[in-house]
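Asks: Chains as they are written, first to last, in the numbering used here: chain A, 1 to 500; chain B, 1 to 1033.
Think of the hints as simulated: they come from the structure by calculation, not from any bench.
All C-beta atoms, glycine included, are put in the ideal place defined by N, C-alpha and C.
Misleading hints may appear alongside valid ones.
Simulated crosslink set (DSSO-like; lysine-lysine; CA at most 27 Å straight-line) [said to hold, decoys possible]: (1) B/K402 x B/K212; (2) B/K529 x A/K213; (3) A/K212 x B/K839.
Per the computed footprint, the stretches of chain B lying under chain A, defined by three or more beta-carbons under 8 Å from a beta-carbon of chain A, are [claimed, not checked]: (4) 857-868; (5) 886-892.
Cβ pair distances, simulated, as ranges [stated by the list, open to error]: (6) B/P244 x A/E386: 45 to 55 Å; (7) A/A193 x B/N830: 19 to 29 Å; (8) A/R419 x B/R456: 33 to 43 Å; (9) A/A193 x B/R456: 46 to 56 Å; (10) B/R181 x A/E386: 34 to 44 Å; (11) B/E983 x A/I87: 23 to 33 Å; (12) A/N217 x B/G814: 51 to 61 Å; (13) A/D102 x B/P829: 41 to 51 Å; (14) A/E314 x B/G130: 52 to 62 Å; (15) A/E314 x B/A140: 51 to 61 Å; (16) A/G438 x B/G130: 52 to 62 Å; (17) A/A395 x B/G814: 14 to 24 Å; (18) B/P244 x A/V420: 51 to 61 Å.
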Amino acid sequence: MDRLACIDVAELPLQLVLQRYPEWAESPVAVVDEDRPQGVILWVNAQAREFGVLPGQRYAQALSLARMLRASVVPPEAIGVAVGHLIKRLRDYTPCVEPSVDEPGVFWLDASGLERLYPDLGAWAEAVVAGLAEDGLSATVVVGFDRFATYAIARASGPGARLLQTVSHERDVALDVPLSRIGISPGVRDRLARLSITTVGDLVALPEAGLKKRYGNETTVLWRTASGALSAPLAPLQPREPLVASVSFDQPVRSHHRLLFRLKELLDTLLKRVGERHALVSGLRLGLLLDCGAKPEERVEERLRPAAPTRDRELLLELIRLRFESLALRHGASDMHLLVEDVQATAAQLQLLSLGPRRDQQAASRALARISAELGDDVVGRLQVEQGHLPEAQAAFVPFAGELPRPAAGELQPVLVRRVYRRSQPLPQRPRCIRNDGWQPRDREQGPIMNIHGPYIVSGGWWQREVHREYAFAETQRGDLLWVYYDRRRRRWFEQGRVE
Amino acid sequence: MGTSSSYVPLWCKTNYSFLEGASHPDELVEAAHIHGLKAIAITDRDGVYGVVRAHVQARALGLGLIIGAQMTLRDDSTVLLLATSQTGYANLCGLITQGRMRCEKGRSVVDWSEVCEHAEDLIALWGGRGSALVRPGFEAETMVLESMTDAFGDRLYGLLARHRLPTDMREEGRVRALAERYGWPLVAAHEVLYHTPARRPLQDVLSCIRHKTSLAAAGQLLRPNAEHALKTPIAFEGLYEDDPLAVMRTHEIAERCTFALDQIRYRYPSERLPDGSTTAEWLTTITFEGARQRYGGVVPEPVERQLKRELSLIEELDYGGYFLTMWEIVQFCRREKILCQGRGSAANSAVCFCLGITAVDPVRMGLLFERFLSKERAEPPDIDLDIAHERREEVIQHVYAKYGRDRAAMVANVIRYRGRSAVRDVGKALGLPETEVDRLARHLSWHDGLGAERMREAGIDLGRPAYAKLLSLSQEIIDFPRHLGIHPGGFLLGHEPVSQLVPIENATMEGRTVIQWDKYDVESLELFKVDLLGLGALTQLDLAFDLLRRYRGLTLSMATIPADDVATYDMCGRGDTVGVFQIESRAQMSMLPRLRPRCFYDLVIEVSIVRPGPITGGMVHPYLRRRNGEEEVTYPHPCLEPVLAKTLGVPLFQEQVMRLAVVAADYTAGEADQLRRDMAAWRRSGRIEKHRHRLISRMSAKGIAREFAERIFDQIRGFGEYGFPESHAASFALIAYATSWLKCHYPAEFACSLLNAQPMGFYTPATILEDAKRHQVEIRPIDIQHSDWDCTLERHAGVGDRFALRMGLRYVKGLREDDAHRALAARAPNIEEFVRRTKLSKRALRLLVEAGALDSFGPDRRTLLWVIEGLSVSMHDSLPLDEGNEQLPLFVPLNGADLIAWDYRASHHSTRGHPLLPLRTALSREGIPDAVALRGMRHGARTRYAGVVICRQRPGTASGVTFMTLEDETGFVNVVLWKRVFERYATVAKTSVFLGISGTIQKQHDVVHLIADRLWVPQVALRPHNTKSRDFH
């Protein structure tokens, strides 16, 4: 009979929290869905359970049970990253790994045949536990026969490995597992508890029809799974193969023309595979291995992004060509590879593929993408108005997201323009006593500062980094109008910008 | 210029501009005084909330106070208005009222036309941040500009506001241009939000709280700099050095504003009197009518003499209308059969007694009228009327209807920041994790205050800068006004519209309007206030009288309850007073066996003696010793014997202290009243010390030995915060006696009425029930077939005059009253029919089953739960419900302990037993006695005890000693925890519901205490369900 293992990295999000706050290890801790007293508890540690804190309760409610209950939010993205990492890690022990869709931290592994690589399956399970412990994670590994049974036993057992020898033993153990330990909605769990239905065995003893009528499909599915009426085969996650193509040269190639020619071939190959996946290209990674003769080889990595996900070969080639032209290769390439980053095409995007190019804002966006391709990603930005008091906090450059800002109709042009430097420039100290050459600005040709208009004070940020600036307009002998400030904390003058 | 009083700040917002100003009014006034300024204007946002406090402080410091407000216009701009005269002030209040009454609570908007209509005797300062003048294009609004110019004339000033912002000059340019065009003079003023720049962080935090954001996200919602502090004259001159004339005009404005709150002329509303009688004539008529009724047709001579004296003083002070109002309200209550009774110092008045306002005869009890009203004091009398709490709203609406919304409004209650709310709001503003802040807030209790120690206890690391800021800012914000609430029952009534006196605004509660001042403000200005307070005990009495009438045909009232009942006093003497008004607390129960009341006056003393004053004044033990004959009754001087005779030579009441001063130190009645006030305030002000010399020297001159005089003074000082005058104690003792009598003779009716009047009193329903059981009252569980919404009585079969108490559906936790009535109306034969007829929600059905209310339908609650879960799915089907074919699973039936736990979870009580009953065998095995056994132990015996905590107290007078009351199925055990023991076991002492105590028995006068030296959590297999306890109230 095929062997199956369930791995429970118990309360994975909770373990992530404890990795972040190791000082909480001895306290009752919960993971909540949002950082509010009304936030719902999703996971709790053993100390919290001792106080009667359970998932499904509100934090405020749980706090009345455990007054020292600590709580934190773990964003789904962080959980996703951790699960991805775990899948990779578990593939070191078996190629077939299926993560749970509902419960992060629960995985099923195909354990069949592994006793040939390890002294026995128990040793294999111990190895998995030890491997995860190296990553600072505490896990339970149960090797058995049935998907639900191994899951239930793993959820109810402490950290470590457990090998179940027979199907009947596995079933007996699973029936004793408390419902509070398995993935059942807290509301149903509490309602069943009032009926003294507290274990898997109690649950499967109830009539299926009655259960369905009262507690809905979700509980019925659980009943069917737990009673063995429903079983699903292992559905391991297939590793997604990277879309990469490469070519090696017998002799190092330095000619852009030749390299581009070979790249076309690589791109065509990859675009075909992208098409088979019904996907679009969202980015390209180009790698070159340069032969430096006696010196070690050099690697060149370039990343390009189209304005929008696409499968337009000409457009992608154009971007590659532009980037190539900006590259100065000092040595010939002995090896070249191209990796495609793809995203699933939406219906709207697929529809766009069938349409011809149009003269619209998207064309401008593509042009900006070309500029990025030629000069790098950082060169294209967009100014966004912010709500701060400091000049540098009133606007911020954010990465260009593919949308062109539309100028407002009828906007008045100011008579005077205040140019704001991206970074304030330090000014020479203002002399305490009047000297012949006066207070000189940075550009000596402007002549000394003759008049100061101000001060206008901006202060605040005391909760983080206190700022106190006394702004003024400084008029130089030449007639330039500088926008300067005295930073009281740093005790010196700066030029913030100039007025034109 | 350049003198120390070179300007008058004209635009100052206190913390009564809710969540904007960051200084108390008195702080601003005091800072102005320190800066050498001669006057200051308080201009809160759309209100005059803070002006009384500012006025009191300004009067004390001799500083001029200008009263104004920053008005919000419909276009969201602002204008400042300052009152020059009483007419101007009335206009300001009227305008604010208009703006407030059209908006929901917390907002106000007025139109330009309304501002112009109310312009008389108001100065308008127009300009600055937020004003319409600085908006581009406003110069085109000629209609508004001209209307304002016409309405205010030379009282309209252009406001030059400078806050060191780059926009200042541009905005000022606009104001200057318009001022020039319309001929307005210009005046300098900056917006003051705090008295010192150190309050700037707090102002930022307040802005965040107001805008429901955090500091990191607030951006331009915060002020750009700290230029909103009250400036010194030099700094202000420096700011406006280019325009000294604008600075000078601040003085000009201050000189024009001559109005002060002292000038308010307040007239109490006159009643419409029959036959053209004057108020005094009518009051005399009804007083003597009432007196004849009270005294059986013939008014005794001393009473008549007292009545005439009181009526003469009432007429002289023109307070007749106030008494007529109170009489009218009492008449309304009588007509509507609403139980009411006057409390407080009004019980000193024979007029109040004869008018039926109070129930204690002050002449017979020898109460001091001057405590209520005195010529020297000439301040309004204060009559508080207690009304059965469930019917108080009827009385409130009657007052509104009688006087009209413009002449009657309720007094405000300013909700201020306390530890928990401070931590929560400041924490949010600082952007701290809300769950962390919530945990900290839960750790704080009312009396603990907010300190580093409490934060550390909650696991907060004060080494982190954000949390250190949380602590300091939370401490600063404590006592800041948060929002306006409503006083429980205080009314301000006026002959003229109240809105000319103080603005009125909408309260959150529908049908209520509230003034912008709280009761302290009203008292400071010596205005008349009518207090209509809700009292649960009166509701209980009302319900009990009704039960006696319905079930026994016995008609009783407060006046006809048999007086001086021996059995009642015996019961009180045993401390058997759970549920009895005023003498039910742990401390009172401990005092009762020592005092052993035998007459009504003993109850008056009992009510008064367990108070901070007598305890800290060291009067309790001398009184008890003298009462028990263990100490000789002596008097410092023979002249004091008449004053102190009834309290055995120990002063226990305020009246005695005042009389003592009159008799022994020749104080006038007015001086004696001043002494009372200074006694109440001595901790704050030390004003009592000024009486020391006067009292001691005068007593010495009268031949009283100096050491006696010193001792008397120490006793007077001991009264410090003592709040119970004899008259007040007597009023409460009447209710205490009535409830005791009921408990003694009709325990079922007593318990039933008390349960139906909940929430009230000291104990939870579970404790009341356990006590009733100990008084042989059979308690029957909630049952849909027998119960009503309220608890009811059921006649014992075969026993004529004995009743059992049936719990009502009101005790099913979470059950809505309308659902309960649907359930009661169904009266179905079985569960299927019940579900079909009631169509109750699944939740309501579940609540009923879990509370045992449907036990009569089925085998057990678990099976019933299964059944109703199924029935509730199909109850809306058109075909009849038929669940008969479904096979019922076999559930584990609930055992006795389970049933009690379910009862407590679903209804906070159990008629089946105390939560400790199922544990008794296990506890006995451990050698742990019950409460009865413990009470039988000898003094000094060592023992262990385990019980459910029902009360934790740490009185301020007990030097850190904590008292706990634990309960088991046989009764209470009082536990004393010395400070060190409490600190050692703080967590378990504060949090554990089921608690074990090791300690020593202390037994005195049949009062048993367990002196704890160790606390522990009992290790038994079962845990009692979490019960409620009354903690540190």
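Asks: Take the hints in turn and mark each one as holding or not.
Replies: So, going through the hints one by one against the coordinates:
| no. | hint | result |
| --- | --- | --- |
| 1 | B/K402 x B/K212 | violated (41 Å) |
| 2 | B/K529 x A/K213 | violated (62 Å) |
| 3 | A/K212 x B/K839 | holds (21 Å) |
| 4 | 857-868 | holds (count 3) |
| 5 | 886-892 | holds (count 5) |
| 6 | B/P244 x A/E386: 45 to 55 Å | violated (40 Å) |
| 7 | A/A193 x B/N830: 19 to 29 Å | holds (27 Å) |
| 8 | A/R419 x B/R456: 33 to 43 Å | violated (52 Å) |
| 9 | A/A193 x B/R456: 46 to 56 Å | violated (37 Å) |
| 10 | B/R181 x A/E386: 34 to 44 Å | holds (37 Å) |
| 11 | B/E983 x A/I87: 23 to 33 Å | violated (52 Å) |
| 12 | A/N217 x B/G814: 51 to 61 Å | violated (28 Å) |
| 13 | A/D102 x B/P829: 41 to 51 Å | holds (45 Å) |
| 14 | A/E314 x B/G130: 52 to 62 Å | holds (58 Å) |
| 15 | A/E314 x B/A140: 51 to 61 Å | holds (58 Å) |
| 16 | A/G438 x B/G130: 52 to 62 Å | violated (41 Å) |
| 17 | A/A395 x B/G814: 14 to 24 Å | violated (54 Å) |
| 18 | B/P244 x A/V420: 51 to 61 Å | violated (36 Å) |
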